[in-house]
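First to last, the sequence lines map onto chains A and B.
The first sequence begins at 99 in the numbering used here and counts up by one.
The second sequence begins at 1014 in the numbering used here and counts up by one.
Hints are computed from structural coordinates only; laboratory data are not their basis.
Virtual Cβ for every residue (Gly too), placed ideally from N, Cα, C.
Treat the hints loosely; a few may be bogus.
As the list claims (entries may be wrong) - If you want the footprint, here are the derived chain B segments under chain A, 3+ residues with CB under 8 angstroms:
1. 1050-1056
2. 1073-1084
3. 1112-1120
As the list claims (entries may be wrong) - To give a feel for the contact side, a few chain A residues facing chain B, derived at Cβ under 10 angstroms:
4. Gln136
5. Ser182
6. Lys203
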Amino acid sequence: AQSVTQPDIHITVSEGASLELRCNYSYGATPYLFWYVQSPGQGLQLLLKYFSGDTLVQGIKGFEAEFKRSQSSFNLRKPSVHWSDAAEYFCAVLSNSGYALNFGKGTSLLVTP
Amino acid sequence: ETGVTQSPTHLIKTRGQQVTLRCSSQSGHNTVSWYQQALGQGPQFIFQYYREEENGRGNFPPRFSGLQFPNYSSELNVNALELDDSALYLCASSTDRLYEQYFGPGTRLTVT
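One chain only, chain A, in its complex shape (with noise of 0.2 angstroms):
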């Protein structure tokens, strides 16, 4: 089945510091890629997605990711982060059946001031 892990459970990144949160993914073919942002009380926002073309893709809030096949990851960077990026993130794949959305455990991100 299609699934996605995120290795790092919590970061702690200084303000105004370079960020990358990783996901790697277990798919055979060619994968629909997520990276989602939950804030306290809050549901989930797409940040960005990957479905073919260009591997670089831009999203919101100064975000972008990258996908490598070499690798099966889809690692999610921002070069500048500010605290109000503090922020529960998630990396999802879409399922086999084209309706799921299979989700990682998440990355707790802090920003220090």
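Following the hints, put chain B in place on chain A, whose structure we already have.
Chain B alone, transformed into the frame defined by chain A:
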């Protein structure tokens, strides 16, 4: 454009009771999916409704059931509540392009 809304925000139930959660999809969306998010975990797919029919189901028992109405709003019903049903229940809506799902704020269910 109105986003996905869910009600109620919070709910406390006793083991063995039944609960109904509600979701209004985003304007123009005809597909609704439900997810369960336990504390510290990622969301898990429960089922999806498309044009009032169940379109797919995850690994959840039959006591989890749902409905979709002609206006594309949806209900999630859970019978015989168990303590492990305590979670955040998320509703997501989408169009026929199933892969872009937009989530509501969720309903926090506590079973005591």
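### Message
Checking each numbered hint in turn, tell me which of them this model violates, lowest number first.
### Response
Of the numbered hints, 2 and 5 do not hold.
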